[in-house]
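Asks: From first to last, the protein sequence lines are chains A, B, C and D.
So the first sequence is numbered by the working numbering: it starts at 1 and just counts up by one.
So the second sequence is numbered by the working numbering: it starts at 1 and just counts up by one.
So the third sequence is numbered by the working numbering: it starts at 1 and just counts up by one.
So the fourth sequence is numbered by the working numbering: it starts at 1 and just counts up by one.
Not close to chain D: a few residues of chain C, all C-beta gaps over 10 Å, as computed:
#, residue
1, Val23
2, Gln63
3, Glu71
4, Arg209
5, Arg225
6, Leu233
7, Gly306
Simulated coverage check for chain B against chain C, where a stretch passes if three residues somewhere in it have a Cβ under 8 Å from a Cβ of chain C:
#, region
8, 201-208
9, 233-240
FYI, nobody ran anything at the bench for these hints, they're computed from the structure.
Quick reminder that beta carbons are idealized off the backbone N, C-alpha and C, glycines included.
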Amino acid sequence: MSDAARETVLSVRDLSIDFLAGRTRKSIVRTLSFDIAQRETLAIVGESGSGKSVTALSLLGLLGPRATVSGEIDFLGRNLLPYDFHHLTKLRGNEVSIIFQEPMSALNPVYKVGQQLTDVIRNHTQLSVDQAREHAMELLRKVRLPTPKTKFAQYPFELSGGQLQRVMIAMAIACRPRLLIADEPTTALDVTVQAQILDLLRELQSEMGMSILFITHDFGVVADIADRVLVMRNGEKVESGTAVDLFTDPKEDYTRELLSAVPSLDRRVGNRAVQTGTDTVLQFRSVGVTFAGRRGDGIRALDGIDLSIHRGEVVALVGESGSGKSTVGNVAAGLVRIDGGQVVLDGTVRQGNGADASRHSPGVSMVFQDANASLNPRMRIGATLRAALKWARRSKPELETSDEYIKRIMAEVGLGADLFNRFPHELSGGQKQRVGIARALSVKPSLVVADEPTSALDVSVQKTVLDLFGKLQREHGFACIFITHDLSLASNISSRVVVMYRGRIVEQGPTRRILTAPSDPYTRALLDSIPQPDPVLQRARRTQPA
Amino acid sequence: MRRYLLPVLASAFVLFAIVGPLLVPHDPLAQNIVKRFAPLGSPEHLLGTDNFGRDVLARIAAGAQVELFTAVSATLLAMTFGVLIGMTAAYSRGPTEGVLMRGVDVMLSIPPLILALLVVAALGPSVPTLIGVLALLFIPGFARVAYGQTLEVRNRQFVEAAIIFGAPRRSIILGQILPNIMAPVLAQASLTIASAILVGSGLGYLGLGIRPPAPSWGGMVADGQRYMSSHPMLMIVPGIFVVSTILIFSALGDTLRALWDPREQRSR
Amino acid sequence: MELTTYSAKRLAIGLVMVVCVQVIIFLAVQVVPGDPVEAMMSETGNISPEIVAALREQFGLDQPLPVRLLEHMRELFMLDFGTSFQYSQPAAAIIGSRLLVSLELVVLSAFFGIAAGIFFGSWSVQTRIGNWLVSALGPIILSVPGYVAGSFFVLALSLWLGWLPAGGMAPISDPVEHLRRLVLPVLTLSLPIAATIAKVTRYSILEVRNQDWVRTSRAYGFSARRTFRRDILRNALTPVLTVSALELGGLIGATVLVERVFNLPGLGSLLVSAVSVRDYPLIQGAVFVISAFYIAINIAADIGYGFLDPRAARR
Amino acid sequence: MLSLGARVGPAIAQGAGGTLVFGLSANVGNLVYGPSRGAAQFIVNQQIHRGLVKFDENGTIVPALAESFEAVDPSNYRFTLRDGLSFHDGSPIDSATVKASLEYLADKSTGAAIYSALSTLASIETPDAKTVVVKLSKPNASFLDYMADPNAGIAPAAALAPGAANWIGAGPFKLQANDSGVGLTLVKADTYYDKDSVALEGVRFIFYPDSSARTNALLAGDVDMIDFVGWEDFERVEADSNLVLDAVPGPFVYTMFNVEKAPFDNPKVRQAIAHAINRDNVVAAAFYGHGEPLYGVPMSPGNGRFDPKMGDLWEYSPEKARALLKEAGVDGLKVSLLTSSTYSFFRDMALSMQADLKEVGIEAELDAPDWATYTASKNGGKYDLAVAGGAPSVTGPVYLQAYSIGGPASSFGSYGYDASEIVAHIQAGEAITDDAAARTEYMKAVEVIRDEVPFLPVAQRSQAFAYKNTVKGFKNVSGFLSITGTGYMIEKAKVE
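Using the sequences plus the hints, can you model the full thing?
Replies: See the structure below:
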């Protein structure tokens with residue numbers, strides 16, 4: 001792959017970036033150096049706060065007036081530092097293009113997609129409007145946007161995330177750039193879509209011969225796309241090397257740590273005891289849910305769901321966005337009203353025929369995806385926990401609500417007593433999620449619904465929280481619905497996997513069986529789309545069609 | 001420290017409203033036709049006298065009391081009812097929501113002037129009438145803010161969490177939602193105090209304010225305007241007081257909003 | 001497409017609201033003490049109770065309330081406001097001539113206020129002077145009640161400097177004088193609008209400026225000016241529209257103070273005098289016009305919102 | 001003396017008298033026959049319409065449509081019409097036309113302003129086309145005053161229906177254009193009986209309801225003349241050497257008592273108030289010093305039936321007031337004082353009185369609603385003390401009757417006051433033809449007023465017209481007639 005004679009497209013030396021925060025200067029990136037050769041893909045990996053995105057934006061002078069950038073940025077022999085904005089304006093979107101993490105917000109919501117693409121083309125060329133439109137259509141076909149003619153005249157909000165990212169890519173390649181900066185371009189997308197986008201990028205790269213600087217936190221994606229990798233931490237380079245070298249033989253502890261924290265799809269699972277109790281905690285009997293649509297039509301969110309959760313069992317609910325997995329959790333927690341079937345919790349019919357109790361069961365508690373949003377910003381941590389206990393005590397009089405008990409629970413999830421009087425905004429993301437877990441545990445539930453509890457966290461934090469959650473589950477023995485989009489994660493924690501697609505359960509069974517011998521084609525596609533943190537494996541998978 | 005400038009100014013104003021009348025050696029109602037139209041800076045009457053020979057400074061001080069009392073009372077009333085309506089509508093949804101919010105819309109489309117004219121015509125100008133009129137005028141504003149905020153907050157996850165953990169309705173509304181909609185409501189309240197002074201003095205200007213002879217700033221401007229060509233200070237002086245008071249209270253809104261934010265509060 | 005159904009629905013709701021306002025005002029006006037005949041006649045001439053009764057009968061005031069309410073709604077349905085007690089003329093004709101004055105004030109003030117507001121708001125995020133102007137002067141302007149500002153203008157510009165007439169209306173047949181007389185009232189009304197709109201524009205721009213698509217625009221080599229117009233100002237205008245509608249709606253009610261200060265024969269002063277003698281047909285007619293205007297503005301703003309923000313149109 | 005009228009004055013030389021541009025104090029809508037709609041409408045009425053008689057510049061009654069008139073006795077009046085009278089549209093006026101008009105005005109269902117004068121109508125006889133004989137069931141010495149009222153013009157048959165427009169009359173000017181809400185344009189009518197003495201080619205009325213706007217219009221030269229100059233504007237007008245301020249003592253303001261309930265059921269308390277009010281302060285505060293304090297009943301100058309002693313009934317003396325209150329045994333009195341927020345002079349008068357009352361130990365709380373609520377409260381007796389204004393349309397002492405008769409029968413008198421004694425004296429006076437003898441009889445009524453204080457006159461306000469000094473021949477008629485009589489002067493004016 002890597003010919004020594006390749007021209008260096010971008011060469012960065014001693015890049016340092018400071019930000020002005022109030023009156024103090026904060027160093028974000030320090031003496032970073034790297035090169036990108038022609039046709040090469042360099043991935044910069046790191047957790048949040050590592051400075052990887054700032055580095056990417058600094059290359060095009062997109063950081064704004066509060067940032068000070070020093071060092072050397074050499075693009076094809078032209079030094080970009082100090083910024084000459086007149087020069088940059090000619091460079092941007094022309095010789096160097098960029099695509100962003102959130103295609104939905106990266107496009108102006110008030111202009112039609114085609115219009116925005118045409119504008120970009122006309123900005124750097126002398127084409128007439130008609131010619132530019134023609135070229136735009138061509139590009140949309142090239143990025144394989146379905147029904148490009150229709151989409152051309154639609155607004156961004158009318159397209160899906162994957163489709164928008166294709167539009168974004170079309171915009172990026174419109175002027176055949178020498179370098180494409182991709183700032184976490186697939187993070188917001190579902191795995192199956194992510195796989196398609198990565199395929200598209202690779203294809204375009206080989207066709208157009210551009211170099212790619214790929215920013216990501218996902219080692220699976222790195223393994224899939226990168227030729228070379230640079231690992232960053234706290235604004236500094238940890239190590240760099242070819243992808244194969246880095247994954248097989250990481251030099252630095254931090255890299256090793258990160259790699260080990262990545263949940264990989266473990267097909268050898270089964271070491272987790274399937275301690276399925278015989279008594280059923282939760283039972284869904286052909287449950288259906290319809291959400292009122294904006295124009296009066298209903299959106300069928302759940303359709304004929306049959307599901308049983310037994311005591312002490314962890315069931316992973318897997319699916320992509322819009323599959324209805326979160327709705328299942330919300331029905332179990334009593335947040336959503338069903339319009340068909342029956343929900344039985346701890347032997348009581350909570351919804352559907354024969355329901356006379358409240359929709360909310362005192363036996364169910366929940367851990368939310370967004371820990372921050374799930375905590376009342378105006379309540380101190382101790383008060384939040386105490387409130388939950390007090391409410392729960394209305395149906396479970398045996399619960400303790402003393403400060404000692406609360407502090408004990410906090411200690412159990414690894415929170416110091418000093419946080420008792422803190423407000424949520426004073427806690428880190430991981431701490432907040434620990435509070436969420438503490439709250440869920442404190443009321444001694446028989447079922448915990450965990451709705452993507454770790455997806456907002458960095459991998460290293462994700463791992464510790466997940467380990468803690470698993471440990472507590474085993475100790476307390478509550479049943480758990482673990483909702484996730486990440487099959488790797490599911491394989492690590494669950495004894496049973498339920499795969500959902502468009503409001504239906506397509507397949508369910510013991511985790512090992514689902515991972516090794518999926519019977520449903522969708523499950524298979526899902527499994528194939530997950531990039532594995534192993535460049536060799538990824539390359540192999542790519543060569544053999546799924 | 002700059003953050004506290006406005007609260008300090010506002011407190012100074014409140015203080016002036018409370019003790020000012022005690023400090024000024026004149027009765028705001030005492031007429032002395034012989035000494036009418038004393039100019040600004042007269043030894044006995046610092047801000048001069050009006051067409052009845054009443055001391056302008058004493059009237060300004062007494063007027064401050066009235067303006068502040070009416071504005072604050074009206075705002076509190078409007079806030080109470082507005083928040084009640086807005087939260088009830090947003091929390092209950094369904095037909096209650098429709099009736100309440102359409103009612104608010106209808107209230108908004110009644111010209112405020114006619115509302116004031118009719119209420120004052122029915123009850124006569126007086127402090128309670130003025131408070132009532134102002135409260136009526138500002139209820140829709142609070143209702144809308146509370147409604148919008150409640151709609152947003154009730155879908156936040158910590159409210160869902162409270163529901164899941166079995167919180168009773170009352171504590172969801174009072175304990176979870178209310179404190180979280182208070183920042184904009186308080187900002188609105190401070191703006192409303194400013195607006196209430198503005199509108200209240202405007203009503204005073206139209207003769208729909210408080211019962212004469214009690215002084216109101218708007219009424220003083222209106223009276224002063226009649227002697228504008230010969231004694232302009234009779235109009236300018238109360239005008240300056242109206243403007244600076246409104247300025248202080250409207251700027252106070254931002255400060256209040258910031259102070260209510262837990263991010264601004266130190267942990268104990 | 002859907003916009004028409006949506007507009008039709010909004011229009012229907014608007015009509016219902018106008019009717020609600022009419023009924024409320026009708027009942028309120030009748031509950032308030034005071035009799036139109038006594039109020040009008042008491043100023044001059046000796047009126048005996050017999051005369052009062054005779055005139056009440058002439059005006060149809062001897063009928064029971066529900067009958068009169070029904071009659072009023074019937075007339076309203078045919079866009080007939082009845083005959084003014086005070087002027088013995090069709091209320092619609094009187095309101096029409098007054099409405100022209102008020103509309104002229106409102107339209108001019110709104111136009112200048114909104115235009116200046118958007119200009120200064122945009123300017124304020126770009127230059128230091130603009131920033132200072134909007135953030136320091138804006139609150140001060142907003143704190144000056146219209147009647148204070150208006151009185152001050154009359155004092156300074158008319159009485160002291162003698163540049164502009166103190167008030168009154170000149171006929172449109174003398175356009176120069178007509179406009180000269182509008183300068184001060186329009187200035188008085190448009191200043192706070194400009195301050196409000198500038199504030200909203202400023203905040204809105206500051207918010208939009210941090211949006212991802214603005215970064216995209218820069219990242220694709222659009223010039224600063226182009227980015228500002230295409231990706232910042234255009235998006236920032238949606239809240240400006242909402243606030244403009246609110247301001248415009250409030251304006252027709254706010255004109256009364258300015259009409260008073262500048263002695264303009266507008267709808268507000270008509271309403272004040274109509275209420276003071278309980279000229280029911282005039283009151284109902286004027287309220288109808290004002291509330292319909294307010295509601296129409298809101299409907300127009302909603303529909304305009306759909307044009308500015310395609311997401312709103314598809315809702 | 002109810003004398004015979006003679007033909008008026010020498011004919012003014014025919015010529016271009018110009019057009020008078022008149023800034024009118026109120027918006028005049030449609031003219032309707034009968035009811036009164038305020039001073040501005042009076043002025044318009046007097047240009048378009050004409051009655052049997054009218055007032056001259058001294059307030060004397062002179063012939064109009066009637067060539068001559070004769071009071072056979074105070075209940076019997078004979079009018080002889082001029083030759084060849086016609087309305088603006090050319091239709092003739094004869095005794096039948098007059099009879100129809102007067103009978104219409106005598107019908108209370110029409111709401112006619114002068115109904116009270118015609119309520120005693122017994123019959124109207126028209127012996128021939130030029131003679132009208134009006135017979136009253138009770139003597140009324142002021143009957144001719146009523147016939148000169150601006151609302152007593154003779155109207156064509158088409159106007160004799162409630163609400164019908166009444167723009168065609170027999171007056172000196174006819175309507176050319178009605179610019180609704182803005183103004184009226186009148187041109188000289190060649191059907192007018194005295195057209196040769198009218199110099200003006202026309203009158204253009206422009207409505208300026210706001211007082212200072214009206215003054216500004218005059219100062220700016222937009223109009224030639226304005227009515228009802230605001231008191232605070234007197235100096236501004238006077239300071240302009242090109243302008244004439246024509247001010248006379250006009251209508252008066254007074255205080256009413258609710259005599260149905262304590263404390264004002266006690267005449268002593270009412271007397272105390274009569275001594276307590278500092279009229280000079282009222283004039284200063286409410287009228288900017290432009291008015292005359294009243295210490296007795298207001299009198300119309302030039303009317304021989306008043307006795308100067310009638311103007312001197314109570315002096316300002318807080319001590320006397322306190323003494324009277326003590327005598328009446330009231331102490332620490334708290335009363336309500338009704339006024340209206342609609343007119344600032346009403347409110348200022350009340351404020352001034354409030355201070356005076358406080359001086360004698362009476363706490364008066366102001367009740368200042370808008371005009372309609374004020375009239376409702378006043379007519380309904382919902383007050384202790386009330387501020388009111390009076391502009392009698394007749395000049396003789398008979399006007400006192402209306403202000404003495406208590407409500408609800410009269411909207412002018414103190415609520416609940418039984419004025420039968422006063423009315424008896426006044427009626428007796430009315431029946432006497434000799435002025436001196438009548439004066440003694442009226443004086444008896446005034447003595448009752450002095451002791452009983454059924455209403456308390458406070459001040460006579462200055463009523464001013466202002467005009468350019470190029471306007472000649474105009475004069476503000478003094479006294480009450482400033483309101484009802486001055487309109488007749490416009491036809492005599494010319495603009496040089």
